[in-house]
Structures are given as structure tokens and as C-alpha cells.
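Take a look at the letters that make up each chain.
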Amino acid sequence: MSAPVSHLRQPLVLGNPAYAQITNDVLKPMESWPSKLWWGTFAVTASWLAIGLGAIAWQQYEGIGTWGLNKTIGWGFDITNFVFWVGIGHAGTLISAILFLFRQKWRTSINRSAEAMTLFAVICAALFPLIHMGRPWFGALWFIPAPNLRGPLWINFRSPLIWDFFAISTYFTISAVFWYVGLIPDLATVRDRAKHPIRKAIYGALSLGWSGANKHWVHYETVYMLLAGLSTPLVLSVHTIVSTDFATSVIPGWHTTIFPPYFVAGAIFSGFAMVLTLLLIARKVMHIEHLITIKHLENMCLIITATGMMVGLAYMTEFFIAWYSGSNYEGFCFVNRAFGPMGWSYWIMFSCNVISPQVFWFKKARTNVVVIFIMSIVVNIGMWFERFVIIVTSLHRDYLPSAWAMYSPTWVEFTTLLGTFGLFFTAFLVFTRVLPAIAIAEVKSIKKFAQPHAHPAHGHDEAAGGVPGLAHAPAAPEKGV
Amino acid sequence: MDRHPEHREPTTRPTLGEPRAFQSADELIDPTVHDEARLYENGKPPVVGDGSAVERRDFIKVLGATFAAATTTAACGRLPVTKALPYADKPEDVIVGRGVMYATTCRGCSAGCGVLVKSREGRPIKVEGNPGHKWSQGGACAIGQAQVVDLYDGDRLRQPMVDGKPATWKEFDAAAAAALGAYASDGKGLLLVTPTLTGPAARNLVQAFLAHFAGSRHLAYDGPFGAGAITAAHAATHGRSVVPRYDFSKAAYVLSFGADFLGTWIAPVPFAKQWNPGRKVSADKTTMSKLVAVESRLSLTGSNADARVRILPSEQRGLVLALAAKVATAKGLAVQGPAAEVKGDLGKHLDGWVKELLAAEGQCLVVADSADIAVQAAVNVINEALGNYGKTLDVDAPFQGMRGSAAAEAEVVEALAKGELTGAVLWGVNPAYDSRHAAKWAEGLKKAKVSIAIAGRAHETAAVCKLVGASHHPLESWGDHEVIAGLAAVQQPLVNPLFDTRQGEDLLLGWTGAVDSDGKPQTILPYLRLQWHAHVGPRATGSADFDRLWDSALNDGFVELQLVGDAAPLPAPGPAPAPAAVAPGGPMVAQAPQPSDEAAAADRADKPVEAAADASPVAAPAEVSPAALPADASAVGLPAAATPVVATFTLPPVVPARFDAAGATTALGAAPPTIAQAGALEVVLYPKVGLGAGDNANNPMLQELPDPISKATWGNYACLSPKAAKALGLLSSDVVVVSGGTAQVELPVVLSPGQHDGVVALPIGYGRATSVGRLGGGVGKNVMPFAALADIAKADVKPTGAKDPIAFSQTHHSYEHRDCVKETTLAAWQQDPTAGNAALDSMLHDPNAQDARTTRTLWTRHQYPGYKWGMAIDLNSCTGCGACVVACNIENNVPVVGKHEVLVRREMHWMRIDRYFSERKTFVQGDYDWQPTKDDLLDLADNPEVVHMPMLCQHCDNAPCETVCPVLATMHTSEGLNAQAYNRCIGTRYCANNCPYKVRRFNWFNYPTREMVDKFDIDLVTLALNPDIVKRSRGVMEKCSFCVQRIQEAKSNALRDADRATGEKRQPSNLDELQKNEAAGGKPLQPKYVRDGEVKPACQQTCPSDAITFGDLNLMDSKVRKAYEDPRNYSSLVEVGTQPAVTYMTKVRHAAEVFGPAQPAPKKPAAHAAPSAPVAPTGGTAPAGH
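Here the protein sequences come in this chain order: V and L. Residue numbers 0 to 480, in numbering that gives the first Met the number 0, belong to the letters of the first sequence in order. Residue numbers 0 to 1185, in numbering that gives the first Met the number 0, belong to the letters of the second sequence in order.
In isolation and in its complexed conformation, chain V is listed as follows (with noise of 0.2 Å):
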């Protein structure tokens, strides 16, 4: 082959495969029966979904009493696992569209399932605002802003809580548009490639009449350039206005002006330790390592690396302000927070997401598959714990100290956080027998092949395009392999 090769890049397609082989290993899990391993993994993780709906519906018949909280601590696993969700959530948008606009070519074959994964995170996030409310059934409606019969009373723009519902519904909204928007080519491929006249009919209706045509491509190309452009400030927006939930707050240790760039670079760092978690297991189950490849997991590695001392950061930040406040609430927060009865949880936090992401300082670390998998778990336990953490440590012991408690989980809380993994997993697996987990035309886009000056004498339709159409030109690029 002649095309060119890169010595300081590795390709980001490894094997060099035809397009059409690309097309065929992305679709390959939509168009067999699942294998036994799939079947095992929905068994477990729909079993989890399954008993965190029976915590929930039994929480709903007799109350948020079931739930460890108390007069002192309001907040808990609830809020806990709704900011968790939430940051999770981040790395979806963050990946498609901001590294999209910065031309990030790596992040074509991980985007489609962080999209994916931002979606079902934000479900799982927006579950708990919903349930943790002590009469969700007149809650979901009054946060709307909708006529009634009581006068001034109307929602409370001043409450971050009204801000939240409008940020997550936004970003909810914009994410699930991007992503659809983006699964319209390869909807089309999935319909062309249909046998059964259902499944033509389900995926000819969802790809929207996609035919390829060169107009279509200048049209998919500007709405995803602009979608990209829309989402991106909501990465920024989202997470900070979840820790103005905190910060508006008058509480020691919420009240925090480094909450909204310590949140969002929280938000990415778990993110993208869930997109690993998932993507790990995922090049592995659908064969797609040369699509995934090490050079993609090293670079989510060495974001974590960043956001992780970035978060380190804002910790010590937090602990020199608390400090040189001088207030004495602040200073005794942080110090109990640390060294008071739930130090242990501070601990879990600190080691998890300062401490271990050091290791990808080591290329052998974070080019080890297993290291990297390890990783991704443990800083999302601390990412978890992070939220904890600001939550309950500053609740339980806040102004006066006769109220001081403690703060014990139940098992309905621990079993609802189950659901919510199991309720994301499932929804995930289900996404990977439905959709193509991989962006197909995305994929080809980056080969060598695709692009403008690699291949000047069939280059044209490619460099037009950017993406050829798959469905009714695969023969094409297909001349130059």
C-alpha cells in the first residue's frame, strides 16, 4: 500500500480493514442472535434494574423514611447518586461535541457509545431528584412552570433546584437530538441492510428517508456542526449549575465558590472512566479492538490523568480557603470532613481520584487494558464517594453542633443505587443489539483512505463529503484498498 503512515501518529483504525468490513463488524451484534455471554450479562444487570424498581416502588408506598436520612441530613445516596449520574453524563457530550469541533479524529469510534452512555446516565440521574421528593406525584408537575389557580405562586427562579430541572432537561434534550441526529447514516445502512420487512419498516422510519445524496450529507454535516456547537457550553452548564445546588447554599462546605470548574472537571473525570468501563468491555465482547483501539484508550487515560489532579486540585483548594477564611465553620468542616467520623469516606475519595490516576504517568499503565480497566472502576468508586463526601460530611455536622448526627444508609438505598447500575447497564446492552455502537460512516471517515490528500485521484467524493455515503457508494472507496 502506498498510503502514507504516520511515525509519530499510530493509525486510529488498526488492520487497515476494507469499509465494508467495517460495516460488518459494527453491524454484526444488531444482525445475530445474541451470544450466551450477552444473555448472561442482561440477566444480571436486569435482575439489579429489577430490584432497584421493587426499592423504589416500596420507598414510593411507604416513604422516604425508608431511606437512612434524617433531620440533619436531608440529602444522601440520593443526591449522591444523582450528581454521580449526572457527571457521568458529561463525558457523552464532551466527546462528541467538543471534541468534535476540535477536530479530535480518536474520539469517532468511542462517541456513539458515550452518547449512548450520557443518555442512560441522565435517566439514571434524573431519577433521583424525582423519587428522593417526599410527594414526587405533585413534585414532577409544580417544577413546571405552568398555569394555575394560586396566584404568585408560581416556581421559585431563585432556587438552583428550578435551575437544575432546566439544565438536566436541556442537556437531556440537546444530547438525545445530537445523538440521533448522528445515528441517521448509520440507521440508513442498518434499514439497507435489513432482510426482514419489520425491521426495514422500524429502522426506514428512523433514518428519516436518509438516502445518501450529497445534499443530505451537506445538511447532516451543518446540523451536526451546529448541534456540536449547542451542546458544548451545556458540558460547562450542566454540572455547574448541578453544584450550584451546593454552593447557593449557606451550609460550610457546600457554600463554595470552586464548585462550578471543580464539578465540571469532576463530571469529566468520571465520565470518562465510565466510557472506559464500558468501551473495555465492549471492544472486547464485539470484537472491535481495531476499532478501539489503545491509542484511544490511552488518550481517555490521560484526560483522567488531568481532570484527576485537577480535582486533586480544587480539594487543596478547598481545604487553603477554608483555612485562610478564617471562619471557624469552614475550617471545622474541612478538618472533620478529613479527620472527623466519616474521615474514612474523605480517604476513599482522596486515593481514589488524586492518588491512583498518577499511575498513567506510566505508558505500560495506561496502554494495560487491565490497569485501565481497574482504573476506570476505582475512580468512579472515588467519584462516587466525591459527592458523598460534599454531601453528607458537610451536612452532618454543620452551624450547631446539637443537631450533629450521623448518617447510615439503608438497604432500600443501596439496593435503588443497584437499580440505577442495573437500570444503565441494561439499557446499554439492549442499545448494542439495537444500534450500531460504533459511528460506521464516522469510522470510515478517519481510514487513511478518507482522507482529502491521501488518495488524490479518488479523493473527491471523500474530500466533498467528508464521510462517503455508505449505503449506495460502498463500492467507491472500496477501489482504493
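Incorrect hints may appear among the rest.
[Stated by the list, open to error] Pair ranges (Cβ atoms, derived): (1) V:49 with L:162: 55 to 65 Å; (2) V:103 with L:1030: 51 to 61 Å; (3) L:858 with V:145: 28 to 38 Å; (4) V:361 with L:816: 32 to 42 Å; (5) V:165 with L:858: 45 to 55 Å.
[As the list claims (entries may be wrong)] Which bits of chain V does chain L cover? Going by a derived footprint, with three or more residues having C-beta under 8 Å, they are: (6) 117 to 127; (7) 132 to 141; (8) 155 to 162; (9) 239 to 253.
[Unchecked claim] Some chain V residues near chain L, calculated using beta-carbon distances under 7 Å: (10) 73; (11) 394; (12) 414.
Please keep in mind that the hints were generated in silico from the structure rather than gathered at the bench. Note that the structure is a prediction, hence the values are computed from the model and not measured. Backbone N, C-alpha and C fix where the C-beta goes; we use that ideal spot for every residue, glycine too.
For this one, chain V is given, so just place chain L on it according to the hints.
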């Protein structure tokens, strides 16, 4: 968002000349009529939008509402039908929706406080202190407040019982007649046991009973902690077998040997009311009384003491006798006591006390709780030597609520057990549980041929009696009381009996065969009136018209009487002399000096009293002889023909009691208390403030009321000092076996700072039989067996290794030097009235603001055009008794959640009392996590200073909760209230998280739930609910509302009263005040304005120590505004910037080294322009507990 009415500028009132619509003819004359009515409610009429007919947004709202209405109509089925029927025949004095207050007497304990009970549509729902009552002065304690909950307890006896089985009254009457008939043939003697009865009717009923059943004996039984030693000692030293009427209001110095007079001793509410004014300090009163507590465990009184000394119970006698000897010597009182043995280094305190006592001669008071006659005699000697009799304590008009004698009880229970008595009738007492001789009582009653209990519950004594007459609740009963000589009080029923019960008096009247003139059995009400006609009327100081007297007694709850002779007008309980004297007994009736079953000493002392009564010319007026009366019950027992005017006659003069040195010398030599030999620790049994001796065990409000000191709920425990616990390797909630001799009990441990290291303290009143009730039966362990061991029991404490978590409402005991509590010493405060109240306040305050306490801010403040409600709580006054907590619970339908829920820190109390062990003296820098066993602070925990801080919603002007609620369920009103709209709340709990005071309470379940739901008769319990307050559902946040229902009621009363009172002129009656207010720089206020003091939240109303002031800050001379301007006033956590409407006053203590207010102040602050005259010269070194 400027859409709330309070942000609007006041609308200008249209003048007469303007064309305007009018709603009534009144408006044509005075156009302000309707404006005022509207303005009154909200400050000003709400204006929505820009004034155009329909605003855009309103249009959308209306549109939406139309859709919603249409949908609702279409979608919803019919609601279930519930019936609310109007009165077919409305009682005259019932206005539906308005409460009526009835005066009666509280029977929660023997203190006899006057209370007003609020009745709504015939249901008593709230007990309030009777402000006019001369004895209790408007206070009511936790137990008193909780009486309405007791009333609706479904576990009360619902019908009589015969041989342990429920029976009908017919069966009971037959069985009782048979039993008492059998007695007649046996004739050994019946024993009638009652609590001390003080009312003329009640006492004469006893006399009638004793007369009817010849040879019978009467025992006044005051529960486990009677005042028998006090009466016996006074019999010896002053010739009066009485408990004196203590007056703490006149005592500038109080020395208490274990007497928890603010918590449980004799009459805590009146004592707190008396003691408190002396503790207030202000610019006009720069001195303060001093309290020294010498005790074994940290009692409520000890927690309020300026100095505390820890002693062993066995050390008390020597110490008090030594003090008496010193004081007697100093004052030249010729009393020769035995040589006193002062143990350890306790003697070092004596000289200091003597000095302080001498400095406050005639203005001090020494009290002791001891059951040792010698100790009480020594106390009398001290008080006598210092000239306190007639000043701070009074035996001429004594307290009569406790006349029982331990010796008499021991004697009769022995007789009963030996079979020397045919049987016993026990009325309103439960000695088989709460007596020291409980086992003997049970044994004797089982053996007895006749055993009848008249009881409200199937308690331990009822369980061993053959017959149980189910009696009314006190709130269903008639009765009379003269707890304080000269103050006769009526107890009137508030409601028809809920169950098939009878009043104890009716049973006794029936058994004695009392009949009215028609030959029908006599009943209590006519009997009561007869007795009052005969015995109260002649002594009444006011009207001679009996009907008027009776009405005023019913209206006020009491009448003031003249004292009779030189005596406590109580006849010694004993066999009645002759049937002729039976019906009209009472203080005026001659008593044959027959041997009483009381203690011999008490008896001796009574005789001169009776002799004096003998000589009295008083006789029962002939016209009230029962035989002459046609007893028409509906006409309340008075004959139409008979004149209701009572006879007048001259009462004999009061002869003051005189000190009897010889008697005192004898009493000082009384046998010492027996001390058990086995065991390392001395046992102190004590009643808890909320539960007393256990009578209230089935009352959920009281079970869940945190103990003022330990802050524990639901169950009892073994208190050990932190050092003693450390020596045994114990922490709170570790289960130990407390064993001494035959008594053994397993209890969890509570580490109790301030307790003597050699003491294990056990709260009594727990471990009740399950038959007492589903809630309280079986909670905790019965520790009374320890009382049977010896006068001073001893026990060993052994760890079991098990854990039994105690449900504490507070687990951290230090306030960490945070700006929530501020305290100082009297000396420092006299130098500088802002002492202890750091400059932070003034730094944050806006000097230009009209309100002195307004914090600097960049933002537009809330406007308070009408009222601005505020509260000031004086930490100097609050004793921590918890009465306010229960009052709030009952007023506001606060649910009881049960032990498990308290354990997970979910008690719902809107008001709590934070108890901190103060570190004013010792503070380890940077140690934020004081656990009482930590070595470096163990010494501090030996004898800590204590702060009680009531904590409730602070109604912040800058409320952190208000901004974070997504649905505006919590909002600021134009009157400064932080309002909570339950209907709107969705339960995000963000408000509770964001509250720095953690006063918001979330309904985690639909309460009552789980552990509680099967323990209530829910239909009954709901009758106790206040209909002015909605019951909150699950998932809703709630909190203190400043009793907004009371505010609204007062406003509506003001409006109505102003209209009524001012007639045609329509001039508000308080216009002068309002003009004055404006002249004083206040805001222009609307007419028909609520006057200062017309609104009292439940907590303030009941507070026995007047710690709470509530009112309108816009009134320039309101009490609360004055309190706000006091230099001691501060906001809790002021630096958070919440600007609370609730403020506190710095706690001031006597520094250990200072007593006597005559400290010359070198730098006299302006606020102290007029220091009052010194009460006493500067004392010497005071004994310090530290």
C-alpha cells in the same frame, strides 16, 4: 419577581370627596371602614399586575385554570362522602370554630397548678397555665400539658373489672357491696389509701368513709418521693406537721441539697415562676439571685445552679448537720445537734456557705429533698436561724399537697400484710408499683379479703385487687383542692366521660350510703357544692353570695380564702369521731384527738392544731345540712327556698408557728438512714422531669420528651459519671447489670457529666406492666426494688458486653465556642452590659437602619408595614424543663414518632431545647470532637456548667430556606413570618439542609406509623388534635409557625373588639397607643392593631420561667422590642447573616468567687444608670463546683 403584596407601596386611602364604590352604608360615613378591614389582614390590599383589567400572564393562568377545571370535572369521580353535621341544638356557649377556655386544676402531680383548658366543640384540646392563678401564675409543665393526650388514651380502663375480668357496673356494684358487707361482719378495719387530698369536699368524703366503716384508717400516699420527712421535721421544730409554702421569689440566695425544685420537687412550676424574676437582669435590675446546688447527680436545678458541689447521698446528713451547727452557732440559736461527720474535703465549702447565707439573712432559702428527718430538721434550723420563716418559707399558710408519711405507710402496709386489716380501698394511687414497699403492698392486697382499686388504668395495684372501679380522667372529673392554704380551687370536667367509667368520689359516696333529700344516691357535683357552701363560702374573702362565689370559682378556677385559726386548715387524716360530723367536715369541724395512723411525730404536732380548731366558733351552717336539702342535681343541689347567702362570722386570728428548740434537738438526733452494705456505688433513684414516678408512662408525648439533661427519650438507663464509666470501660448505650442485694436490673448506660463518681443514678417510672398501656407498658426497667433495699441502696455495675441503643435527641454536648450560645458572669456584665456578647453583632449591624438589629446588606430589605413578629428568649431564665416542647407539640399537632425514629434522629419536635455543657472555663483549642470520656476533658465533665437553649424556627429575615425552595412552599410574609405552605410542599428537603439551625422537620412517613400505629386508638387520639392546624401528610416539611393560628385569632379578635368597643365613633380603642408609637419614631400602624402581649405562642404561654417574650417589633414599646434593644440581646449565628426574628439574651452566671451584687462598678455603663440597691453585702468566697 416583585409580585408579593408586601413589596407594594401602601395604597393611599381615598378621601371622602373622591367618587368611589362602596360596599356598605358605613363606608359613606367613614370610607376607611373596608379599607381597614382589608388592610388589616395583609397590610394592604393585594394588587396584581399593572392595573389593566387582565394581565397577560394572568390571562394565561386563567386559561390554564379553565382547562384544569374542565379536566378535573371530566376526569374525577365523586369524592367519598363524609358527614359533618351541625348541632341540632347548639349549646349556648359553643361557637363552632372558636375555642372556649375553662379553668380547672391540673392533676398531673400534687402541685395543684391552676390551668385553663381549651375546649373546641366540646373536646378539650389544650392545657394552658392559668395566668391569674396565685400559685402557679400561668405556668404549666410538660406533664400538665400532656394531660389532654392522656385523656384520649384508649388504653385507659373502659369499664370496671371484677376478679381481673372486665365487668359491668352492675356486677361491680354487687361485688363491691358484697365485699364491703363481708367487711361489716369481720370489722378489723379497712384501709383507704388516697393521694393527699386537700379540697374540703374530698377530705370530708374521706371522713365520711372513715365514719361509715368504723375502725377504718386512711393513708395519704404521695408516691415514692413524698415529703414525709419535711412534715415530720416541721412537726418537731415548728409544731406544724406541714410542708411549708416556699417562696423562691424572695430568696436572693438558694442553697439546695438535692432538691430539684425546678424539675420534680414538690411544685416545680410555681417554684420556677417564683425563682425566675430574681434571675432576670436588666438595666433596672443589676443584681441576680444565686443558686447553689449540692447534689449527687446533675438535676435540672443543678444545671441551673451558679455553683454545684457533688456529694454522695450518704454524705448529705453530715454536711447539712454541720452547716446547721455552724449557722446556729453564728446566730446564737440554742440547738444541740449530734456531732456531725463531714466526709472527705466537703467541709471546705461550709464556711463559704455560712458567709453567703449570713449575707442574705431573711432573703435566703435552704431546701433539701432528703427523706432523713434529721436533715430536714437541720434545714429548718438553718432557715430559722437566718430568719427565713415568714419570709422565704411559710408554715402558717403552708403547702398542703403532700401530707403523706413514710412511717405511716410502712406501718399500714405491714398491718395489711399481716392480715390485721380486712382490706383496702386504693383510690388514685399505685403503691404496688411505685412504693418502696411495692412487693409488700402486692402481697398484702392479694391476701386481703377486700381489695378495691379505683383507678384510671389497669395498673400494677389494680392487677392485684379483686375489684377495680374504672375512674374518670381528671379532665372528666369534678373535684376541689386547697393545695395552698387559703387558695381553694375547683376542678371541673371538660368533657363527658369517654368510657364507661365513674368518678371515684361517686363510688365512695355510694358506699358510704350518702343520699340526697330525695333519697337518691348522692353524686359529686351537688356534694361539692354543699361542701363549698359550708366550708369555703364562710372563708371567702369576697362576695357573700354563694352562687356568685361558685361562679367565680368556676370562672377563675380558684377563690381566695381567709386562713383559719393558727393552723394549716387540714385535719389530720384519721378515723372520724362521730357520724354527726361526717357530712359537713372540713377545716372547721372539730376533730376528736384520736390516734392517727400518721407518724407519731406528725400526730403530736397536729394536736395543738386540732385543739385550736376545736376552739373555733365555726359550725356548719344549719341550712346546708344534707337532710334539709332537696337535691335537685340540675339546680346544682341548692334548695330554691334556701338563701344562697353564706353565713358570715369572725374567723379566729392566725397565730404564727413558733420555733421549738427542744423539738429540733430531738429531731436532729433522728436515726440515721440505713445504708445497704453490698455494692460499690450508691444508688440514686430519681423521677424524670417528663415522666414523674411513672403515672404518665403511657403518654407518648412525655415518653418522647427528651430528658432535660441526658436528652434521652423512650426508656430508662443507668447514669454513670464519665470517669466511673471509663473505669468500667463503658460508653453510652452499653448494657450493664446493676445489682445490689436482691435488686438487679439490666440497663444501658448514659454517661452523665456532673454526676458523682460514686453514684449510679436510675430514673424511676419505667418498666410498667403491659396492662398500663401499649405505648408505655414494658418500656424501660422498673428500678423501684432498689428502694426496698435500704434508705441508701448500694449496687455494683457490671458490663454485659451487649448494646442497647438509647434514643438521644442530641448527641454532641459542646457548643464548640460557636456564636450560638453567649454567656458571661454577673461581675463582667455589671462592668459591661455587652459582656459575652461579642462585638461581631455591632460590626455586622447597619447603624443607619431603623431597627437596631438589622444587619448590613446590599439588597432591598423585606418591608413590614404592619406587624413584624419577633421573639426574644432569655437564656438566663430558661431552665430547660421542656414544658414548651410539649405545649408546642400539642398546640401544633406535632406527631410522636417512636423510639426507632428518634434513634435515627427524626423526632418531629418543632421546638427543642439544646443542652450544652459549657466550656466557658475550659476549652481545648482545636478539639472539636469532645466525647465525654476523652481524658483531657474528663475533669471538665466532672462538674460542667450547663446551658439550655430553646431552638425553634428563627423566622429569619434572610431565610436560607426561602430561596432554595423550588416551588415557593416556604415564603416570607409581610409580618416577618417564615411561612410554610404544606399543600405546596413537594419535599425536596433542600430547605432543611440549608437551615443553619436545623429546625425544619420532614414527615418521613405518614405519622403515626410503624412502631407507633398499633399502639394508638387512632380515632381517639385524633380527638386531641387542634382543628386550627392541619395534620401534615407524608413527604411534607414542617416547622415552627410562631403559632400563626394564634396570631390570626388575635388579629381577628382585635378587629372585632375594636368594632364592638368603639361603637359609633369607630375610633379604635388603642388609637392613643398607636399615635404614641408613631411619636416615638415607630411606623404608622393600622388601627385595630393587636396590643402587645395579646399574642402568646404556646411555648411562651406555658413557660414556667417566663423565658420567652413574643410580640411586635414595630411597636416601639413592646416588650420584645425592649428585649431586642437590651445589650445582652444577640442573634444566634449572626455571622451567617440570616437576621433571625428570634433572638437570645446572654446567659449570666455568678462567677464562682462572687456573690452579693455590691460590686462597685468602676466603669458605669449608661445602660446601668440606676443600679438597684444591693441585696446583701459582698459575700466571701463562694463554693465552686469546679
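Each hint tested on the structure:
The hinted range of 55 to 65 Å is satisfied by residue 49 (chain V) and residue 162 (chain L), whose Cβ atoms lie roughly 58 Å apart. One distance hint, 51 to 61 Å for the beta-carbon pair residue 103 (chain V) and residue 1030 (chain L), holds here, with the actual separation near 60 Å. A beta carbon spacing of about 29 Å between residue 858 (chain L) and residue 145 (chain V) agrees with the range 28 to 38 Å that was offered as a hint. Against the hinted window of 32 to 42 Å, the Cβ-Cβ separation of residue 361 (chain V) and residue 816 (chain L) comes to about 48 Å, which falls outside the hint.
Roughly 24 Å separates the CB atoms of residue 165 (chain V) and residue 858 (chain L), a value that falls outside the hinted 45 to 55 Å. Look at the stretch 117 to 127 of chain V against chain L: 0 of its residues bring a Cβ nearer than 8 Å to a Cβ of that chain, fewer than three, so the hint is violated. Counting residues of the stretch 132 to 141 of chain V whose CB lies closer than 8 Å to any CB of chain L gives 7, so the stated coverage by that chain holds, three being the minimum. With 7 residues carrying a beta carbon less than 8 Å from a beta carbon of chain L, the stretch 155 to 162 of chain V meets the three-residue requirement, and the given coverage holds.
Only when three residues or more bring their CB closer than 8 Å to a CB of chain L does the claim for the stretch 239 to 253 of chain V stand; here the count is 5, and the claim holds. Taken as an interface hint, residue 73 (chain V) checks out: its beta carbon lies about 4 Å from the nearest beta carbon of chain L, inside 7 Å. The interface hint given for residue 394 (chain V) is met, as the beta carbon of that residue sits about 6 Å from the closest beta carbon of chain L, less than 7 Å. Interface hint status for residue 414 (chain V): violated, as the beta-carbon distance to the closest one in chain L is roughly 18 Å, over 7 Å.
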